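**Q** Following the hints, put chain G with the ligands in place on chain Y, whose structure we already have.
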Amino acid sequence: MIMTRNPQPTPKVVLQVQNASIFYGSFRAVRDVTMDIYANEVTALIGPSGCGKSTLLRCFNRMNDLVPGARVEGKITYHGKDLYARDVDPVEVRRRIGMVFQKPNPFPKSIYDNVVFGARVNKYKGDFDELLETSLRQAALWDEVKDKLQESGLSLSGGQQQRLCIARAIATKPDVILMDEPCSALDPISTLKIEELIHELKQNYTIVIVTHNMQQATRVSDRTAFFNAEATEQGNRVGYLVEYDHTSVIFNNPKQKATMDYVSGRFG
Amino acid sequence: MTDISQPHTPDTTNDQFRKIWTSPRNLFGLFMTGLTGLFAAIAILPLAAIVINVASQGLPLINLDLFTKLPPPPGLSGGGLGNAIVGTLIVLGVAFVISTPIGVLGAVWLSEFGRGSKIAYWVRFSANVLSGVPAIIAGLFSYTIVVMTMGTFSAFAGGVALAVVMLPIVMRTTEEGLVLVPEEVRLAAFGLGATRFETVSRVVLPAALPSIATAVTLALARAGGEAAPLLFTALNNNFWSTDLFRPIATLSVQIYFFAIIPFKPQQELAWAGALVLLSIILIVSIVSRFLTRRKSY
Ligand SMILES: Nc1ncnc2c1ncn2[C@@H]1O[C@H](COP(=O)(O)OP(=O)(O)OP(=O)(O)O)[C@@H](O)[C@H]1O
Ligand SMILES: [Mg+2]
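Note that the protein sequences, when read in sequence, are chains Y and G. According to the numbering used here, the first sequence is numbered sequentially starting from 1. According to the numbering used here, the second sequence is numbered sequentially starting from 1001.
Chain Y with its partners taken away, still in its complex shape:
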């Protein structure tokens, strides 16, 4: 009667990358990435500048479609569905896979209108005020802005603006949240707040985060993917996935020497 259970069941795969190469025109920016991203985990993408972390991240919700000439070879699936299949509407993809950018980019609208923007365009039927409050609370911003919801989002500090952007992403009720260096423009305290927030959020969302901050990767992520770039015969630099594992493994006993060098700061 009693079935033997795996003590630590492998979590569900949300995004699956199979042999993906990403091009800008004829330039191959990233080659042959294969990795799975799991539900309700935080996955960190680390690596030196120009190795294609942002490029890969943008392919997860088809933001790269907006770059003329950008193209993906190989396969990226979301819950088993090929994201780049012909019948896929990138707008629908972005509703489920939200994005937080490096630079806080609130709309020049009120705080209220910023948060409910996604709900408005997605014809959300529920109560906007309730959505507003829960999203702002989840983004740990409610107490700071609850008395000035009609003020412009641009009137907030940089750290508050970034939390507003996170609230805005949450209010769209996505499944996955992509974050591209969300703390790089912020002070240590705001950074800490956002890191705590990421911890909270992973109970409900799957999060992929690009970061240059090793400590941040160890603090927030469950798994870490290390990317590197190497020169090709044409003299270009192409990014590739070096190693992908649990964060503790990547930072304590990685299998590749390059990973060890990078995470310990000995990187040439």
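Calculated from the structure, these hints are not laboratory results. Don't take every hint at face value.
[Unchecked claim] Ranges of calculated distance between the beta carbons of each label pair, as one might list FRET restraints:
(1) Y:Asp261 to G:Ser1005: 41 to 47 Å
(2) G:Ser1117 to Y:Asn236: 24 to 30 Å
(3) G:Ser1126 to Y:Asp261: 54 to 60 Å
(4) Y:Pro188 to G:Thr1195: 35 to 41 Å
(5) G:Thr1144 to Y:Gly158: 54 to 60 Å
[Unchecked claim] Below, a sample of chain G positions facing chain Y; criterion: calculated Cβ distance under 10 Å:
(6) Gly1116
(7) Ile1119
(8) Glu1184
(9) Ala1207
[To be verified] Some chain G residues well away from chain Y (every beta-carbon gap over 12 Å; in silico):
(10) Asp1015
(11) Leu1045
(12) Asp1065
(13) Tyr1121
(14) Ser1126
Note that the coordinates shown come from a computational prediction; the quantities given were computed from them, not determined experimentally. Using N, Cα and C, we set each Cβ at its ideal position, and we do this for glycine too.
**A** Quick look at chain G with the ligands alone, frame taken from chain Y:
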């Protein structure tokens, strides 16, 4: 002069930061600052002179009749420019209704959809050429297209002529405003699952609204003062008319006619009309500034 080739040895006196007004570089700086100020003053001199002149000549002649009465026959005095004031508003209204949607939507296309394309380049180039075309040519255009086909001079033909004058201004100024909206804000909207249309209509256009209002006001101000393109499109009318498809009086044309005839009452009306026209343009500018003073970017 300080010798920067030598290592710096701090001066122990408290004098080292004292400003020496008579040193050549400070004097030269002072002189250049004064010069720029002088030229700035020269640049606004014509505007100030025009306003003062028109106001001093026109103000004593402002009375209720000016707004409510028809112009007097040549040589007679009294009367007003009521029909021309109404006419100017009507013709400008027509020009506004035609040029704003075309100009704004054209600018949206240029900045949001056609950016960087060959067609956009040529559209922009044409708009620039068009804004350099003398206004009388715009009148000629409307004359051939509207007056000749409809067989009559009309307020509508005048509106079309002024719309041609306004179009490049609306389009180019709006586009400049749209381009100022940061790319990140568009990406944010896309990232939340907005379509391109939703991004433009809900984020980019509202953010650029002050620029659009500026564009339209600028264009209205420019077109409102034009007489040449109206001479053979709207023509003139000595009577009240609000009919879009009949000739209509306008302030600029009325001023032109009254300024060149040798009767004092008419010349005085021309001055008063000039003041009214100037005020209309000023009011439009101030109102739009007021409505849109909260610039987003
Ligand atoms: N829009 C684009 N058009 C053309 N090439 C691009 C574009 N964006 C990125 N690239 C190129 O793709 C490569 C990877 O860039 P990407 O921005 O993904 O790197 P990254 O790992 O995010 O770097 P960083 O850590 O500095 O943000 C680089 O060589 C870059 O020049
Ligand atoms: Mg990047």
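**Q** Compare the structure with each hint and give your call.
**A** Hints and how they fare:
The beta-carbon spacing between Asp261 of chain Y and Ser1005 of chain G, approximately 44 Å, falls within the hinted interval of 41 to 47 Å. A hinted range of 24 to 30 Å for the beta carbons of Ser1117 of chain G and Asn236 of chain Y is consistent with their spacing of about 27 Å. Taking 54 to 60 Å as the suggested C-beta distance range, the pair Ser1126 of chain G and Asp261 of chain Y conforms, at roughly 58 Å. Take Pro188 of chain Y and Thr1195 of chain G: their Cβ atoms lie about 38 Å apart, and the range 35 to 41 Å holds.
One distance hint, 54 to 60 Å for the beta-carbon pair Thr1144 of chain G and Gly158 of chain Y, holds here, with the actual separation near 58 Å. Restraint check, Gly1116 of chain G versus chain Y: the minimum CB separation of about 8 Å is within 10 Å; hint holds. Of the supplied interface hints, the one on Ile1119 of chain G is violated, with its beta-carbon coming no nearer than about 15 Å to a beta-carbon of chain Y, more than 10 Å. Here the hint on Glu1184 of chain G is kept, as its CB sits about 4 Å from the closest CB of chain Y, short of 10 Å.
Annotation: interface hint on Ala1207 of chain G holds; nearest CB of chain Y at approximately 5 Å, less than 10 Å. Against the 12 Å criterion, Asp1015 of chain G stays outside the reach of chain Y, whose nearest CB is about 41 Å from its own CB. Listed as outside the interface, Leu1045 of chain G is consistent with that label: its C-beta sits roughly 38 Å from the nearest C-beta of chain Y, beyond the 12 Å cut-off. With a minimum CB-CB distance of about 48 Å to chain Y, Asp1065 of chain G clears the 12 Å threshold, and the non-interface call stands.
Here Tyr1121 of chain G stays apart from chain Y, with its beta-carbon at least about 16 Å from theirs, past the 12 Å limit. Listed as outside the interface, Ser1126 of chain G is consistent with that label: its C-beta sits roughly 24 Å from the nearest C-beta of chain Y, beyond the 12 Å cut-off.
Hint compliance for this structure: hint 7 alone is broken.
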